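Chains as they are written, first to last, in my numbering: chain U, 1 to 284; chain F, 285 to 568; chain V, 569 to 852.
Treat the hints with caution; some may be incorrect.
Using 25 Å as the maximum straight-line C-alpha spacing, the simulated DMTMM-like pairs for lysine to aspartate or glutamate come out as follows [said to hold, decoys possible]: (1) F:K363 with F:D393; (2) V:K795 with F:D393; (3) V:K570 with V:D789; (4) U:K200 with F:E400; (5) V:K692 with F:E400.
Quick caveat, the hints were computed from the structure, so don't treat them as lab data. Model, not experiment: these values are computed from the prediction.
Each chain, written out:
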Amino acid sequence: MKSLMVFQTDFTYKEGAVCAMYGVVKSVDRELEILDGTHEIPQYDTWSASYRLYQSMKFWPKDTVFVSVVDPGVGTPRKASVARTSDGYYVVTPDNGSLTHLKKLVGIDEIREIDESINRLKGKGTEDVAIFHGRDVFAYCGARLASGIISFEEVGPSYPVDEIIEHEIHKPEISMNRASGIIEIPDPNFGNSWTNIPLKEFKSAGFEYGDMIDVVIKNKDQIVFDKRILFHQSFGFAQKGQPMIYNNELMNIAFAVNQGSFLETYGIGYGSDWTVEFSKETAK
Amino acid sequence: MKSLMVFQTDFTYKEGAVCAMYGVVKSVDRELEILDGTHEIPQYDTWSASYRLYQSMKFWPKDTVFVSVVDPGVGTPRKASVARTSDGYYVVTPDNGSLTHLKKLVGIDEIREIDESINRLKGKGTEDVAIFHGRDVFAYCGARLASGIISFEEVGPSYPVDEIIEHEIHKPEISMNRASGIIEIPDPNFGNSWTNIPLKEFKSAGFEYGDMIDVVIKNKDQIVFDKRILFHQSFGFAQKGQPMIYNNELMNIAFAVNQGSFLETYGIGYGSDWTVEFSKETAK
Amino acid sequence: MKSLMVFQTDFTYKEGAVCAMYGVVKSVDRELEILDGTHEIPQYDTWSASYRLYQSMKFWPKDTVFVSVVDPGVGTPRKASVARTSDGYYVVTPDNGSLTHLKKLVGIDEIREIDESINRLKGKGTEDVAIFHGRDVFAYCGARLASGIISFEEVGPSYPVDEIIEHEIHKPEISMNRASGIIEIPDPNFGNSWTNIPLKEFKSAGFEYGDMIDVVIKNKDQIVFDKRILFHQSFGFAQKGQPMIYNNELMNIAFAVNQGSFLETYGIGYGSDWTVEFSKETAK
């Protein structure tokens, strides 16, 4: 059975780029099945591209081919690559940080640079296009891989996994009554902020549902949020309009405002520069 | 042949929730076909969820499985259910008002509460997620039903159709030269407002294309719109910028502004609290 | 093998119209495969509808059926039609300018008016709907064609290709050190403006990467942009925030602001009224 293809980009559906990409896929092999991951990654945001891959990948069947095109460096010497993860998925992407979370949290077994002499669309008069590789390189090469026209080895030459471009991630640190990490990603629709601290580790530090916990969120050295707030299972335990700590759908620690937006109320961003510290006074 | 799956949520495509849900479906059964209803239901708006199901369902093949996840009460004791409509469709949804229009206007033959001991995703480390059931409960259970892995009876225990949570709907009332009902839903893209009064009943009250009709729209007791306007077949009959009455694509009475937005011009909302009255002076 | 169906509309996913259309397709033939072109064409903008068809069509397999519903004249005598392009695709669309680019730049071999006595949805109580043909006429007829239930000849009577409604397009004019054309379309997501001047012709006028070129953009007679700017292969060659000329993914000349929005910075529109002139001082 041919591999599924899941696409994510920062193109939106406002113009014809997604449609052209999907046409290329169907022209490679009519039987390929395409699903939208999202086309609303924030523009040029390779951190979000990286996180969104990580967030949903494990729920898909093995061998699914993810095509991720958030490519601020198109036209520069950044590599166009296909990675194979340790748990058996493929990612077709510019090597520009979009593989950060998969590499650190799942593992990448092998990565190959796309050989454009073979795996680039020809015959449509677009051979010299320098500013858009989603259609002619990433979709085309991904479709050939998903279809079985080429093997992973035929993508192009492999290069060391160590050379994959990565964003920095401040790993969670846990000690008794303390935990720290980063604001990893927003849930922009519901206005929540997700940290990279697993619930399990958080609880091992001694935090329990019902606790009031001191939270300090910083953007680099600047304190953006500094409050004692409730940790509980779901939003309804907090008063309306009040911030709280809960655990999200990936079983990580997260912030919400009950019936409001934590993101907007407190102006919280995300990424390596956004650190968070939790601490609890010990009953003495 | 396996049932089609149609999804509607208030998640948007801004983050990875839809992608994760669809991955779950494809992991249950690679052959299942997924179509987007919409992921832009207004947030937490179970009334709109209810209306959108009703609006499009009858155009689909019988046995189609609709998965509707607008779920402000996730984490509270609201039921996670699958309903079977009188005309042969399935709806997987929180029982929170999202079935209102189908129950009142189409009929629901049977409803069953999802048995999470069987029909909840396992093995991905998300067994304790309390704030998001779209992926682990609704998509998973819906996929099993659409695939034929479980029968409708195997969803879980049935409960009385009378217990289904419903929003109130003020039914249309018709008499000679008078009609009343509610503003049922907006067409946000084109700026129109749709009532729940069928054209056929409206005409039976004596209203005819070309008539000037008195319209009063209230939000609870407050009058929001009070004008005499034209009733006609399409927008072009009204002057540019003028409000008018027409019949919409479901053959119900609706309001538009020719080349403008009725919604924005007059600040019109929707739901049980938005009533509308039509009357016509009789020629004497 | 049945034809693929690609849809583009100005409906958005905010309400149930797309879902109802797709239901109609699947009710005609469960095996038909539907792909989103886009549902975010600017409202009533038949020029953009025309351009988006042209932009992506050639990347799809032959015989693909495109359904394009941007239909400001619904309810008026505009024709509902199916065109066959010279390169072997079908377009189901109101004949209202949406075929402009395909006719001028690709060629249309034949066009037929949809016979609604045969190719309109019946039995759903929507026979008299006058304000929305996407579902009952365009999707329904397109599905019958894609499925092979009807041949192209059975769509309805053909009429002269010359009668197809077209927008005016100012063709590119090229002479030594000069080129002129129109601002054909925006790339709204990345803030770029695309002209209708092919790179190949542009270069034949003597313009080369690295040149500083005088650009005048007019909206009708009013000058909106008048600057000497760089022409180069990709954005990085311009200084941050500076406007530049590059060639886009269709190998046409285009404008960008490096890490900014050309559209917003200079207030640039598109269409027949937006002309552009390039000229270069000759070294003497």
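Okay, the hints, checked on the actual structure:
no.: 1; hint: F:K363 with F:D393; result: holds, 17 Å
no.: 2; hint: V:K795 with F:D393; result: violated, 69 Å
no.: 3; hint: V:K570 with V:D789; result: violated, 49 Å
no.: 4; hint: U:K200 with F:E400; result: holds, 23 Å
no.: 5; hint: V:K692 with F:E400; result: violated, 37 Å
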